[in-house]
Amino acid sequence: MADISIREIILTLIKDKIGMDPLWNKVEQKLIILCSELNEPINKEKKIDFLSKLNEIRLFLLKNEFGVEKLEFIKEEIKRYKETKIISLYEEKEDTITKDIINNYARLGKGTEGIVGIHQDFNYTQLSKLTNGVYKKTGLIKFYISRERVVQGQIIAEAYDYLQRIPIATLIESKKIDKGTGEPLHKYISLFGNKVNTTMFNKVKEIDMQFYVYRFISEESEDMILLSTKKCHTGDCKIIGVTVNCNDYKVLTDSTRLPTKLPFFFAQDVFERIVKFKNHDEFFDKVKSLKINKNNFFDYPFTINVKNKTWKLIQPKWYKWFIWSWLTHEKKGLFNQYPMHILQLGPKNSGKSVTLNSLHSRSKERRKIFTGTGSTLKYLVPSFKYKPASIGYLAESNRFSFCDEFSRCLINTRTTKAGSDREESVGIMNDLLEHQRREFGSGVSKANVNMTSRTIAMSNPIRGIQNSEDLVRLMDESWLSR
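To get my numbering, take the position in the sequence shown, counting from 1, and add 233.
One or more of the hints may lead you astray.
To be verified - Across the chosen pairs, the derived CB separations fall in these ranges:
#: 1; residue 1: H352; residue 2: V437; range: 48 to 56 Å
#: 2; residue 1: I537; residue 2: R340; range: 18 to 26 Å
#: 3; residue 1: S451; residue 2: T358; range: 16 to 24 Å
#: 4; residue 1: G607; residue 2: S238; range: 54 to 62 Å
#: 5; residue 1: T476; residue 2: M253; range: 52 to 60 Å
#: 6; residue 1: H466; residue 2: K511; range: 20 to 28 Å
#: 7; residue 1: S238; residue 2: E455; range: 37 to 45 Å
#: 8; residue 1: S586; residue 2: I525; range: 25 to 33 Å
Quick caveat, the hints were computed from the structure, so don't treat them as lab data. Keep in mind that this is a model prediction, so the values were computed, not measured. Idealized CB from N, CA, C, for every residue including glycine.
Starting from the given sequences, assemble the full structure and let the hints guide the process.
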């Protein structure tokens, strides 16, 4: 049906409905001409033209004494095309590999097995065919990492301090033997994540390689496990490689105890996203090209866009300098280089939330503003109840983390079984706020976490905490010092 034109479809439809009518012979030739003028409705303009010509055919048949009821099917067809909207189209993924490509890669790396990075954007299915094609020609097992995807985002945690040995390719043989040759009926390479039916196949040889394992979140909030042969740092980065959806979690959990139920990303390259200028001249040339001056740069964090207009917030100049000191703060200290965090208490309707909104929108942070209104402290810090672990809002934020109604989450947080006060429980954030790289975990899972964001938290006064003196008197001192 896909090869039949819309002209043939409409002509056949009309003939099936009214072809037995005595008037058919009178209109057939003209109908063929009218249907030949129909265009495929592949876009908005051609769809309008198609519907116009289809209605023209209907009017022609009405003039030639075909009754309205007999032509109801054309009216329905017009309505169907007019009111049907394509929401999303399924696109078949390319999964073929040419013999030339297999032959070309079979010539490379003679006598070696392992990981090979290639420049093509092949998907995982194509890479599996490439691996098996090269194995049939050379008898060597190679795991290819393509440049299928370029993803920008943030490494939020390191699963292990050290390299993990991960099975990336396994030679499989069927248990059934060819009686003529004595060889297995089937022999192939099963790549990482593919499920193997062990009742029908034997594992003959397994290739495992060492990878660093990280949690990565893209700018589109896609959560995945990043596997890299090179050591990476938490924070902004761009990764290039191939995505794998694992179908055999049991094997992974038993052999490497990897976090499961997330897609895996095998990285060919990992780049930092921080723009580094060679010298001051290059930097100021960039500033000039962006038309940045002292005034518009200073006020930029304190502006909001409403109805296509930019509005500047009215704030005291000292307060703007205070916020700028937070935005541009460099960690200080001989041993513990404490970053700068801000906790601001203020009365209702004093513009705290508006300020947070403006700072957040200008920062381009992926995470939304945290609200303590219906949240607890546990949402801010790593949680290991499930696997993989939740790293928490503070560590998942990149450069800045924004908290509104922070004091409210203290009210929502339960006391511990031992009866410790809520005010003391804020101490669970201490290591995070120091930007110290620490191992967090429980009996279920663990992760090495290094918070990179600076926090600004705002709140209305709550019962017992009306000002800074109340904070100092009631809250945990170690937490306040950070």
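Against the structure, the hints:
1. H352 with V437: 48 to 56 Å: Roughly 31 Å apart at Cβ, these two residues miss the hinted range, so it is violated.
2. I537 with R340: 18 to 26 Å: Check failed, 60 Å falls outside 18 to 26 Å.
3. S451 with T358: 16 to 24 Å: Given a distance of about 22 Å, which is inside 16 to 24 Å, the answer is holds.
4. G607 with S238: 54 to 62 Å: For G607 and S238 the Cβ distance comes to about 57 Å; the hint holds.
5. T476 with M253: 52 to 60 Å: holds, 56 Å
6. H466 with K511: 20 to 28 Å: holds, 22 Å
7. S238 with E455: 37 to 45 Å: holds, 40 Å
8. S586 with I525: 25 to 33 Å: The hint (25 to 33 Å, Cβ to Cβ) holds, given that S586 and I525 are roughly 28 Å apart.
Checked against the numbered hints above, the structure violates hints 1, 2; every other hint is satisfied.
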